[in-house]
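Engineer: Let the sequences and hints guide you as you build the complete structure.
Heads up: the sequence lines are chains A and B, in that order.
Read in order, the letters of the first sequence are residues 0 to 164 in numbering that gives the first Met the number 0.
Read in order, the letters of the second sequence are residues 0 to 69 in numbering that gives the first Met the number 0.
Mixed in with the good hints, there may be bad ones.
[Said to hold, decoys possible] Computed cross-link-like contacts, BS3-like style, restricted to lysine-lysine with a CA-CA straight-line distance of at most 25 Å:
#, chain 1, residue 1, chain 2, residue 2
1, B, K28, B, K53
2, B, K7, B, K21
3, B, K28, B, K7
4, B, K28, B, K57
5, B, K21, B, K57
6, A, K110, B, K21
7, B, K14, B, K53
8, A, K58, B, K57
9, A, K58, B, K21
If you are wondering where the hints come from, they were derived from the structure by calculation, not from laboratory data.
Since the model is a prediction, treat every value here as computed from it, not as a measurement.
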Amino acid sequence: MRHLKLTYVYEGMFLIDNDLVRADWAAAKAMVTDLLEKHGATVQSARRWDERALAYPIKGRRRATYLLAYYGMDGDGIPGFQRDLEIQDGVLRYLNLRVDALPEGEDELSKAELADDFSVPEPPADDAVDDETGATEDPDTTGDEVDVPDGVADADVTQAATTDN
Amino acid sequence: MRTTRPRKTVAIVHKSDVLDYKNLELLEKCISPQGQILPRRRTGVNTQRQRELKNVIKRARHLALLPFVG
Numbered sequence: 000m001r002h003l004k005l006t007y008v009y010e011g012m013f014l015i016d017n018d019l020v021r022a023d024w025a026a027a028k029a030m031v032t033d034l035l036e037k038h039g040a041t042v043q044s045a046r047r048w049d050e051r052a053l054a055y056p057i058k059g060r061r062r063a064t065y066l067l068a069y070y071g072m073d074g075d076g077i078p079g080f081q082r083d084l085e086i087q088d089g090v091l092r093y094l095n096l097r098v099d100a101l102p103e104g105e106d107e108l109s110k111a112e113l114a115d116d117f118s119v120p121e122p123p124a125d126d127a128v129d130d131e132t133g134a135t136e137d138p139d140t141t142g143d144e145v146d147v148p149d150g151v152a153d154a155d156v157t158q159a160a161t162t163d164n
Numbered sequence: 000m001r002t003t004r005p006r007k008t009v010a011i012v013h014k015s016d017v018l019d020y021k022n023l024e025l026l027e028k029c030i031s032p033q034g035q036i037l038p039r040r041r042t043g044v045n046t047q048r049q050r051e052l053k054n055v056i057k058r059a060r061h062l063a064l065l066p067f068v069g
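Structural biologist: What follows is the structure, given as structure tokens:
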């Protein structure tokens, strides 16, 4: 029996390290979009969603820039894409969800970034954690009573995200 | 004998509200100051929508948009 490959539309939210954003936003965006294209995705839109303070530090960062992307991809490509994201230092965290279609207005917002007069506001400089070691811990993995292995909470959400496929 | 009626609570989430992890204005109202998800009697949604709300709050927490602990 022939294996049918179905292409779905996915929404991806990626936390990008502000150091990369300060250096070159286009390159930081291309880091994610190139990875998507490497895994056979067609990027429908990709834009800067926000730059904000994180609710808790991640990998020694207090602030990060959020990149919101919509792309069409085979469900088979998602695990490989997520494996590649895990080894990208510039991507602090990600979330991939399947959606019905590209939301209205997203295309225009994405195209606005391609305009000549578009510029990304400079992220504030206070995004590094004060701690000299730079070691940060997520509140969900630092319980006093329960010894939770690292990444369990993340795996839970990633699994939830992939079950939407 | 005078009986005390349970206090009526005003629903936080309405039918027209879109439950999305990016809708932080709404999600911030659905967590307690300690960061816990509010119960259904406070959010005012049915069980299906409460489950959906739980999932979007957990997604927002994963992306550090909302805190795990307030």
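Engineer: Is it true that the CA of B:K7 sits at most 25 Å from the CA of B:K21?
Structural biologist: Given that 25 Å is the threshold and the Cα spacing comes to 29 Å, the pair is violated.
Engineer: Straight-line Cα separation of B:K21 and B:K57 no greater than 25 Å?
Structural biologist: Holds, at roughly 12 Å.
Engineer: For the pair supplied as a hint, B:K28 and B:K57, is the alpha-carbon distance within the 25 Å limit?
Structural biologist: Within the cut-off at roughly 14 Å; holds.
Engineer: Would you mind confirming whether the straight-line C-alpha gap from A:K58 to B:K21 stays at or under 25 Å?
Structural biologist: holds, 22 Å
Engineer: Compare the distance between the alpha carbons of B:K14 and B:K53 with 25 Å, and conclude whether the hinted pair is satisfied.
Structural biologist: Within the cut-off at roughly 16 Å; holds.
Engineer: Holds or violated: A:K110 and B:K21, Cα atoms, limit 25 Å.
Structural biologist: holds, 20 Å
Engineer: Next pair to validate is B:K28 with B:K7; report whether the Cα-Cα distance is within 25 Å.
Structural biologist: holds, 17 Å
Engineer: Check the hint pairing A:K58 with B:K57 against an upper bound of 25 Å on the C-alpha distance.
Structural biologist: Holds, at about 19 Å.
Engineer: Compare the distance between the alpha carbons of B:K28 and B:K53 with 25 Å, and conclude whether the hinted pair is satisfied.
Structural biologist: Holds: B:K28 and B:K53 sit about 13 Å apart, inside 25 Å.
In this structure, the one hint that does not hold is number 2.
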